[in-house]
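Trainee: Chains as they are written, first to last, in this note's numbering: chain A, 1 to 349; chain B, 1001 to 1349; chain C, 2001 to 2349; chain D, 3001 to 3349.
Since the hints were made in silico from the structure, they are not lab data. One or more of the hints may lead you astray.
[What the hints assert, rightly or not] Restricting the straight-line Cα-Cα distance to at most 20 Å, the calculated cross-link-like pairs of lysine to any residue (SDA-like) are:
#1 Lys281/A - Thr3046/D
#2 Lys3281/D - Pro44/A
#3 Lys1208/B - Ile263/A
#4 Lys1208/B - Pro44/A
#5 Lys3097/D - Ser3070/D
There are 4 protein chains.
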Amino acid sequence: MTEKIRAAIIGSTGYGGVELIRLLLRHPHVEITSVISSSTAGEPITAGFPHLAELLPMDLDGIDIPLIKSKADVVFTATPHGVSTAIVPELLEAGLKVVDLSGDFRLKSGDVYREWYKKEPAPSAYLEQAVYGLAEVFGEEVAGKVFVSNPGCFPTATLLGLIPALAAGLIQPNSIIIDAKSGVSGAGRGLSLSSHYAEVNENFKAYKINQHQHTPEIEQVLGEVAGQPVIVTFTTHLVPMTRGILCTMYAQLTDKLTVEDFISCYQSYYKGRPFVRIRRKGNWPATKEVTGSNYCDIGFAVDERTGRVTIISVIDNLMKGAAGQAVQNLNLMMGWDEALGLDVYPVYP
Amino acid sequence: MTEKIRAAIIGSTGYGGVELIRLLLRHPHVEITSVISSSTAGEPITAGFPHLAELLPMDLDGIDIPLIKSKADVVFTATPHGVSTAIVPELLEAGLKVVDLSGDFRLKSGDVYREWYKKEPAPSAYLEQAVYGLAEVFGEEVAGKVFVSNPGCFPTATLLGLIPALAAGLIQPNSIIIDAKSGVSGAGRGLSLSSHYAEVNENFKAYKINQHQHTPEIEQVLGEVAGQPVIVTFTTHLVPMTRGILCTMYAQLTDKLTVEDFISCYQSYYKGRPFVRIRRKGNWPATKEVTGSNYCDIGFAVDERTGRVTIISVIDNLMKGAAGQAVQNLNLMMGWDEALGLDVYPVYP
Amino acid sequence: MTEKIRAAIIGSTGYGGVELIRLLLRHPHVEITSVISSSTAGEPITAGFPHLAELLPMDLDGIDIPLIKSKADVVFTATPHGVSTAIVPELLEAGLKVVDLSGDFRLKSGDVYREWYKKEPAPSAYLEQAVYGLAEVFGEEVAGKVFVSNPGCFPTATLLGLIPALAAGLIQPNSIIIDAKSGVSGAGRGLSLSSHYAEVNENFKAYKINQHQHTPEIEQVLGEVAGQPVIVTFTTHLVPMTRGILCTMYAQLTDKLTVEDFISCYQSYYKGRPFVRIRRKGNWPATKEVTGSNYCDIGFAVDERTGRVTIISVIDNLMKGAAGQAVQNLNLMMGWDEALGLDVYPVYP
Amino acid sequence: MTEKIRAAIIGSTGYGGVELIRLLLRHPHVEITSVISSSTAGEPITAGFPHLAELLPMDLDGIDIPLIKSKADVVFTATPHGVSTAIVPELLEAGLKVVDLSGDFRLKSGDVYREWYKKEPAPSAYLEQAVYGLAEVFGEEVAGKVFVSNPGCFPTATLLGLIPALAAGLIQPNSIIIDAKSGVSGAGRGLSLSSHYAEVNENFKAYKINQHQHTPEIEQVLGEVAGQPVIVTFTTHLVPMTRGILCTMYAQLTDKLTVEDFISCYQSYYKGRPFVRIRRKGNWPATKEVTGSNYCDIGFAVDERTGRVTIISVIDNLMKGAAGQAVQNLNLMMGWDEALGLDVYPVYP
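Here chain A stands alone, though its shape is the one from the complex (with noise of 0.2 Å):
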């Protein structure tokens, strides 16, 4: 076996950083050396989280630099957004390879930036470093690079959803409707009342109409697959249920198509990706059916009464969504298989 790489995990007591941890845990070729949070350092990880009682018996470090730069090769920054905009380049100066979680990196333009996340950008020398790390569509490019920025849970769904329609000219580009809805823990583990029990258990509820700080993500990417501005309706809502994000997206046609041109459309499309899952004419997935995995399963229906095509797409908003996927970054990254790691199936029921 290769030597392991040692591993950093920055934010590790949020939802993504824990769920990086179980991961990790039994990569064959990763080390997890230092697990960091700026808030609790100095305690062991297992007094927050219990469940990793006997896995990781590690105290928290803090947000050290040299410390970080003596222990690890990689880091994950699983911070908030405007955090890793200050410590990235920092990792990356001290020759870390850097796979970035936040929002910080993935838009190209610090303008666009400034006016969806009302917060400063990075220096744009990082932002043009960052390769945007979707796997199945830009992975070649994230092959043998240091720096990741990995893409946001709602674009995952969204554009694995719709960039082989797109691409392939099957859908009006200006049509697109995304209804998004996703499960709680997509908030993270900071308290607040729209995270609290009683006020989202039995209830169901729309946020952040068109002001979602994914909408430019989603059409910064639509427009290079398009070579043209793409402009969407971008939904959210959030599900009594802790993981999971389903998009259901609407499209006008560009010509008479049935659902089998977009089955055999995206079975191209992914062809060899591990992780992308077609379903069957009639079937739709749900997202249950890929809780625990890094898997994103796509279905479609086409109406010929309104000349437009439905998609629905699944993940898990913490796996593919997240953790997963930075794994899978890594993974490519490093020149291995994408999926090492990642053998972990979903949890059903």
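Based on the hints, put chains B, C and D in the right spot on chain A.
Mentor: Frame of chain A, contents of chains B, C and D only:
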């Protein structure tokens, strides 16, 4: 006090039926005199519903028209599709008032019914006689009538959310996309894998895409309002919760319009109606905010970038989407205040 | 109709407070004249609770005794422990009637309060004045009084389930083990990791084992009933649901007894009381069967093999465990029918 | 690598069956060669379980002993009670290794089986041959055997939580009260009103009080450990969640003992066993902390006031309570590391 009218409920062991019982037990002008179930006649209703202990110490009757005639003045038929078709005409011929909660008398065209419900329609004379009881829109037609067809749960939320805009010409009729989400109680008390706890909990999925039987009901009414045929895209999803429907509706604007234009239009349309509440700008309703009540709450977002409006409407599917609206219709039929007995406020949280 | 009394609610933006609003809005003899919140005074209550739109168009007041005095005849104090200690004496001295929903006036001994609540107790004169408002047991003492201490949620379920058996000598006092389970709303609207959706959902846990502050309240009342000190084992658990408490209680029988003996004993004890329902043999209550209502349902199992009885009691913690019982106490204080305004039946499912 | 053994799963379309598939798909020494279902033979298993798409492209077989014999070396029988009784002897006679997950071979006395299961027991020769596979207690007896009876879910959580204390004489055998709580998946995939979403969600209830068929299994093993007959009080409750069992167990201490005494006793008893984790003082396990994993976590509280200990144990009912423990038993039967293929860590949150 006026003498109470006597009410019978056919299908009283379904969820719509027990919700009717909850309401009618407290209605000042109604007395429940017969609860009817074809499958468990002879048993006390509390055998299957212990929550009714001491509230309704009554045995279930079978479906026996002369017996019903002797016991009741009005009958609520909360029966599965295809059952009301046969029973309702008999009840009407016996001189009883009827509020039918099934889908059997909502569509004016027997052919359309046959196509979407895959069953034989009721005789057309009865289809014509049935008044479609969407109280806020057709309430004046309901007044004094003896036979009302209670709207479906999805059509209620959808139509209340779309009609004012369509009637006022604010949106393009054939651009309408309805992304609907429902709690599980909408599927009733009958057992099926898709209502099995471990399959539904911590899961979210779409179903019957482009095929839901409520589609032609929505299109029939929208077409009537628009004065031209309207074809919609309609998708239904199952939310892991018991009660509640939220519809996210998208349409292309006919002009440069603002959220304020929509608020003003809807406030005017629903002026004086006690059960529709319009949200202020930037605020959208959540299902829990109407749970247990007869309210339909509606909010708006307008996107200048796309020229589309997003309309959110919520109801409790068992209340405004079934039993609550049925009682409201009874009130209108009898010439009573439409809110009588409906002072059951949202149970929050 | 008699003139309405004017009611103020301190702590009206907590879950107990909004449940009081739901009830008092429909109470025939009460008018809500002031809703009070120290943290959000000046805002409309609908800002935080849109479900009250059009039902209670009222701004929140601050805690201002003269203002309360000018607006109200009775005050409900739905405040956190340690807050009522200071406010209630002032309200009483101002001549207001008070129903206190906190734990500050339930224990007769200030020392015991200090030990379990880790706070300073209220002056003993007020502790003595407070009538413990477990209506089915001490209702006659409540009648005509001006100050009632509303029982805790766990004590209500526990005491109603144990007192008849203990009073009749059917069970051994010091053999009692109470295994209690509660929905999350019992922890209130304040944010904490233990009420964070992703931590609670699909999870079940015990908390405060042998340390819950309701323990001495239970023991005080059981001791009074038994005529000797009673020490219990009391464990609380958190159920992934919003409303409901179920207590499973175990005790050693004093003699060869049957389920029928218990049913007969309890039916006799609670004869004429509208809110306690005794289940028939082999039938045990579920929390949903009382949700939204003021009922406490109780069932029994006797095991000949072990000589133990198992008693199951359920309540809605926000109703019979808080707001419902508070209204019941107001009714008794005023000499009204104890069920007035409490005709809110279980919302099922 | 050693050659893989071939495994067949009877009852592979139940929840225990699909969990076995999740584990065996990744087991380094096992290959799934037949998935068997009497009701849906001939269909692809992915028809009912789309989450297995591309993971197990295999059609279901019927129950055909010669076919099984030709395809497999070991058979997991995840069948309902009363079905294994007939099948298992045939499989054994055909020379196959068997891990039985039903309750048919756990009780050594056919009479006791008949009394609690209301079915005819298996022939006593097979009852005697079956090794009770509670690995941490009887693991040495399992090694090298060909037929293991996998413990029930409640007995696993209960026995692991009680045996060390009972064996060490810390608790009085006949004072034991077990208050058990389970998620709904324990009831399987078969449809019933008690697993119907709208009946279970936002609900909590007890069932089968003093009558659960796992009672004699618990008593048989505790009696064996104590060297005298042990009779327990055992209550089961249904929690509105999919996975997880938590048992709260009460017993009278035999002496003045502390939590530290229990921790020390249990750490010693389970030394070297990878799947039992003992919590430190003041910390009690929650079900989510073991979800998806094979762990059993145990915590303690001692109450000086009552002289009782409270023991909390948690497992994932489909893992340590079924499929996980079955794989652990296979490992022991084969002489492999007992943790092989069980590196599936808790999925949190």
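Trainee: Does each hint fit the structure? Answer for all of them.
Mentor: Consistency of the hints with the structure:
no., hint, result
1, Lys281/A - Thr3046/D, "holds (14 Å)"
2, Lys3281/D - Pro44/A, "holds (16 Å)"
3, Lys1208/B - Ile263/A, "holds (18 Å)"
4, Lys1208/B - Pro44/A, "violated (49 Å)"
5, Lys3097/D - Ser3070/D, "holds (13 Å)"
Consistency note: the structure conflicts with earlier hint 4 alone.
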